[in-house]
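These protein sequences, in sequence, are chains A and B. Quick note on numbering: the first sequence equals residues -12 to 100 in our numbering. Quick note on numbering: the second sequence equals residues 13 to 125 in our numbering.
It cannot be assumed that every hint is accurate.
[To be verified] Below, simulated PhoX-like cross-link-like pairs (lysine-lysine); rule was C-alpha separation at most 20 Å, straight line:
id, chain 1, residue 1, chain 2, residue 2
1, B, 13, B, 80
2, A, 88, B, 80
3, A, 11, A, 65
4, A, 55, A, 11
5, B, 13, A, 11
6, A, 88, A, 11
7, A, 55, A, 65
8, A, 88, B, 54
[Unchecked claim] Residues of chain A placed beyond 10 Å of chain B at every Cβ, according to the derived structure:
id, residue
9, 30
10, 88
11, 89
No lab work stands behind these hints: they were computed from the structure. All residues carry an ideal CB built from backbone N, CA and C; glycine is no exception.
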Amino acid sequence: DAGVIQSPRHEVTEMGQEVTLRCKPISGHNSLFWYRQTMMRGLELLIYFNNNVPIDDSGMPEDRFSAKMPNASFSTLKIQPSEPRDSAVYFCASSFADRGKQFFGPGTRLTVL
Amino acid sequence: KQEVTQIPAALSVPEGENLVLNCSFTDSAIYNLQWFRQDPGKGLTSLLLIQSSQREQTSGRLNASLDKSSGRSTLYIAASQPGDSATYLCAVKIMNTGNQFYFGTGTSLTVIP
C-alpha cells in the first residue's frame, strides 16, 4: 500500500487566496483525520471523519476552514481566505475503526505570505 | 481537557545507551495510547499502540509501558543507534470522545555516534 497520500507537499500563497489541501487515505481505512502542526501549538486535531461523515470539527479554527470527504478515498481541507497565521504543516491521517493505529501522510507545508 | 506532557523536551545520549522517554496525561480514562516518531520535515510514524487493558507493548528494541492509574507511559529504547534520532510523540485517546487523540509536545532525541 502506498500509505496516506497528500498533495501538494508544499504550497506558497498570498494572503487572501484560497488554498485546497488534498488527502487520499489508506484503502480500507474508515476514519480520516486532519491535523495542523506548528512550533507554538504542536500537533492539533482540526477535524475527523468516520465513514465519510464529519464527527468532530471543534478543532477547526474558524469559518475560513472547511473540510469535505465526498467518498472513502478522498478528502479536502480548504482555507478561504488564507492568512499568514495559517502557515503550518497540515497532516492527514487514517485508521481502521476507532481502535486502530493512526497512519500519517507526509504533510503539506503551507506558507501564506 | 486532556493534557499530555512529555519530559524531557530534548535528550542527547551516546550510541549504545538504553534510554527512557516519559509521557504523562491528566485524564486516566483513556482508550489507548500511541507512540510515534517524527523525522525532520516528515510525517509521523506509528511505533506502538497500547490499549487501555494492556500494560505494555514491544517491538524490536522498543518497549512501551502504560500505567493508567498514575497517568504515565514510558517508551524504552534499548541499545540506541544514531538512526533513532528523531522526535518522539505520545498521543492518548480518551473515552467518550470518538477518535480524538491528544498529542504531547514531543521529546527530541539525538543519539551521538
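Hint check against the structure, violated hint numbers in rising order: 5, 9, 10, 11
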